[in-house]
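Residue-level listing of the chains:
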Amino acid sequence: MTVSIDPEGTEIGVIHELVDVSGKAVLEVGCGDGRMTWRYAEQTASVLALDTNEEKIEDAIRNTPEALRSKVRFIVADITDAELDLLRDGFEVAILSHSL
Amino acid sequence: MNLEGVVHALKKIHHSLRADGVMLDIHPQPKNIRMEVWQEGRVESLGPLDNEDDIRDIRQARARLSLVEQQGLFITERRKTFDLLEHYPTVEDWLERRAWEGETSVIPEGMLDSIRHLLTAGGGELIKREPIRASLLRRLPAG
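Protein chains in written order, with the numbering used here: chain A, 3 to 102; chain B, 272 to 414.
In short, the hints are calculated from the structure, not lab data. Glycine residues also receive a C-beta, built at the ideal position from the N, C-alpha and C atoms. Warning: the hint list may mix true and false statements.
[To be verified] What follows is a set of in silico ranges between Cβ atoms, one per label pair, in the way DEER data are often shown:
id, chain 1, residue 1, chain 2, residue 2, range
1, B, 312, A, 77, 37 to 47 Å
2, B, 391, A, 9, 33 to 43 Å
3, B, 340, A, 37, 21 to 31 Å
4, B, 387, A, 47, 21 to 31 Å
5, A, 44, B, 350, 34 to 44 Å
6, A, 15, B, 348, 34 to 44 Å
7, B, 279, A, 77, 17 to 27 Å
8, A, 88, B, 383, 12 to 22 Å
9, B, 289, A, 68, 47 to 57 Å
10, A, 54, B, 377, 15 to 25 Å
11, B, 380, A, 71, 41 to 51 Å
12, A, 88, B, 392, 17 to 27 Å
[To be verified] With a cut-off of at most 27 Å between alpha-carbon atoms, the simulated DSSO-like pairs for lysine-lysine come out as follows:
id, chain 1, residue 1, chain 2, residue 2
13, A, 26, A, 73
14, A, 26, B, 302
15, B, 282, A, 58
16, B, 302, B, 351
17, B, 351, B, 282
18, B, 302, A, 73
19, A, 58, A, 73
20, A, 58, A, 26
21, B, 282, A, 73
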């Protein structure tokens, strides 16, 4: 038996119920170790995922499934400091993941 | 995120979204986190953690979110609440995760012993139950 966060899929179920991420450019703030990112990223056009914790971003990058590597970018950044260039693409969906 | 940063972050997100963009905010509700032990269909409640400091911060963050709505940057379209469950085979796994996440809630005296006793005696798993609110907000042109 291992540690498991939301094995019931409640959180991702609510995300899909509230927002359609299919084919969209997504900005995720507070992505942590990417636990939630991987669950919705496949359907998106792209994901830019930010977190201030370097260790968690390293874990996220290391553990990203191969199939998602081309569309998900994990970056150590604070949204309040992040260079506007990084955010200038124009996202269709922003997800604040336990970060307020 | 510090509270002064919340409004700044929301304005930054508003700026980075396209005109028809949406923001999904997922954060804990201002309620206690509860611990349980699940054993073969039986649920043993261990009671709440002391997360009053977090609850205060959540209320203040919500106030900042309401502020940017009042400023016309976003409008809430839909909202859902749910419990996020974390499953742990042992107390040590839970404590390790708490340290890694930097959790600041306080574990009431005796709770760890109670959990260890239950898991040792009857197996099963430790459950952390955290009430969450998810809100879908649409970007408005103002701001």
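Item to check | Structure versus earlier hints - violations, ascending order | outcome: As far as the earlier hints go, 2, 4, 5, 6, 8, 9, 12, 14, 18 are violated by this structure, in ascending order.
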